[in-house]
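Build out the structure end to end from the sequences listed, making use of the hints.
For the protein sequence lines, the chains are A and B, in the order given. By my numbering, the letter at position 151 of the first sequence is numbered 151, and the numbering carries on one by one without gaps. By my numbering, the letter at position 5 of the second sequence is numbered 5, and the numbering carries on one by one without gaps.
Check before you lean on any hint, since a few could be wrong.
As the list makes no split between identical chains, a pair holds if one copy fits it or if it spans any two.
As a list, the in silico DSS-like pairs of lysine-lysine whose alpha-carbon atoms are at most 30 Å apart [unchecked claim]: (1) K262 to K161; (2) K11 to K84; (3) K175 to K161; (4) K11 to K27; (5) K161 to K199; (6) K175 to K199; (7) K273 to K262; (8) K44 to K11.
If you are wondering where the hints come from, they were derived from the structure by calculation, not from laboratory data.
2 protein chains.
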Amino acid sequence: MTRAELIRQIKLKRSFLCIGLDTDLTKIPQHLLDDEDPIYSFNKAIIEATEDLCVAYKPNIAFYECYGVRGWQSLQKTWQALPKDCLGIADAKRGDIGNTSRMYAQAFFDENVSGLGFDALTIAPYMGHDSVTPFLTTEGKWAVVLALTSNPGSMDFQNFKNAEGVQLFEYVLDKVSNWGSIENTMFVVGATRGDAFIKVREHAPDHFLLVPGVGAQGGSLADVCRYGMNRDCGLLVNSTRAVIYASSGRDFAEKAREEALKLQQEMEAELQKAGII
Amino acid sequence: MTRAELIRQIKLKRSFLCIGLDTDLTKIPQHLLDDEDPIYSFNKAIIEATEDLCVAYKPNIAFYECYGVRGWQSLQKTWQALPKDCLGIADAKRGDIGNTSRMYAQAFFDENVSGLGFDALTIAPYMGHDSVTPFLTTEGKWAVVLALTSNPGSMDFQNFKNAEGVQLFEYVLDKVSNWGSIENTMFVVGATRGDAFIKVREHAPDHFLLVPGVGAQGGSLADVCRYGMNRDCGLLVNSTRAVIYASSGRDFAEKAREEALKLQQEMEAELQKAGII
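See below:
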């Protein structure tokens, strides 16, 4: 999906919601466990209940890979069930030397070889340019590169500072911005400290940011928008647990829709406030 | 495999060779393409021809994942074919927030859930402690954390320097060393600049290092040993292309053995020189 199309979808759906599909067999409604593929059954119901309210879905690959071959079958079926008007983000945190990153690009982007044709893949930047650029070669495909994450360990290395006071995550933003463009590169920026977006926007004013950490992890949507939104919106805000585990009963899809709707309405208000819609 | 057992195998086999299984359908002998699972056929033949000469095998997960479900089937069969006296390293460069890294640990370490029970997994450290520690909880399982890699992009971030002149890879060595122990943590250190091992050994004198980059990538085994070997050997030196693609004909396994034997003999001489055997 191109940047222009993503922005069109945001305006059309009045939403910049991304729904995380971290589908955990110990957390999904227990009646689904009798299905042939409970992970897929769950995802399909969640997608059908929410697809008009969000612009992206983000399966967390670890939650599939942990079941080996079976898990990859669930992932493939889940990818096939993603609506064409939503960005499909494989949250896989991949990244390796050039010839290996090319293989990962094939794994997640090239449906004809791997059976998966996601639009975007999350990437860890530690290995540098040849680990990132293989994901930037096809129009409409995105590298979503880790910059400032929302987890407890994010401050171990991401704020490592050089003599000029530049933190590693800022340096990552600067470097990676030059390897691609705003048409094929996004950054992961956690929502747990809204004002960190001020610094992020100094380095990447025009890029889309994928923002985890709103809701269950404690981030505030209002703060993220206040400091992080740009004239094209420039945000994909992810929610996982608050939406997909809104209920553990037979009404799980309906309750997921209710939670997604609340988020969509808050986002609509933010888009209006910013004059984007 | 525990550290003591690994050292025992190194002394027994007089080798610290790790063979990379970056098995590429465009590079393996073409007569194998008629097999039901050419990747597995190739790997099985390579393993059978070399298992007495090496102490570790390292499938590069991207080369399996790029074929989706089918690729994971080849990976599972390959893992099953690994000899019990060799360390099985999944070269996957994973790493994510705590609950997700736990899923990746299950994917690669917990045979009962995923069908894969590797001994070790390569990890990207960018997300910090909660992305690494879930791999350190089971005796005999290893996190092999990226420190200083051998690819062109390694100098983009890994030598980012703080005000005291400490480079990021050194800081990674210091921090990560404290999260685990020499019993469950190794570091990836590329062989392309042998003298970089001097600095690495200042920060991690006792850890095992997984060393790619010898051979095809230009690193020298003598330099790696000179600067990187410790009293327990402390090195697993990987070779991939020079061994597994030594011939593209029907004699590929035999030629792979010849190349592995050359490396084993060089390593034996180094172990003798150091008084380890």
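Hints versus structure:
1. K262 to K161: Answer is neither: 39 Å inside a copy and 45 Å across each miss the 30 Å cutoff.
2. K11 to K84: within (16 Å within a copy, 57 Å between copies)
3. K175 to K161: The answer is both: 15 Å in one copy and 15 Å across copies each meet 30 Å.
4. K11 to K27: neither (33 Å within a copy, 47 Å between copies)
5. K161 to K199: Both, since 14 Å and 20 Å are each at most 30 Å.
6. K175 to K199: both (15 Å within a copy, 26 Å between copies)
7. K273 to K262: Only inside one copy: K273 and K262 sit 17 Å apart there, 70 Å across copies, limit 30 Å.
8. K44 to K11: Classified as within; 25 Å inside a copy, 54 Å across copies.
Checked against the numbered hints above, the structure violates hints 1, 4; every other hint is satisfied.
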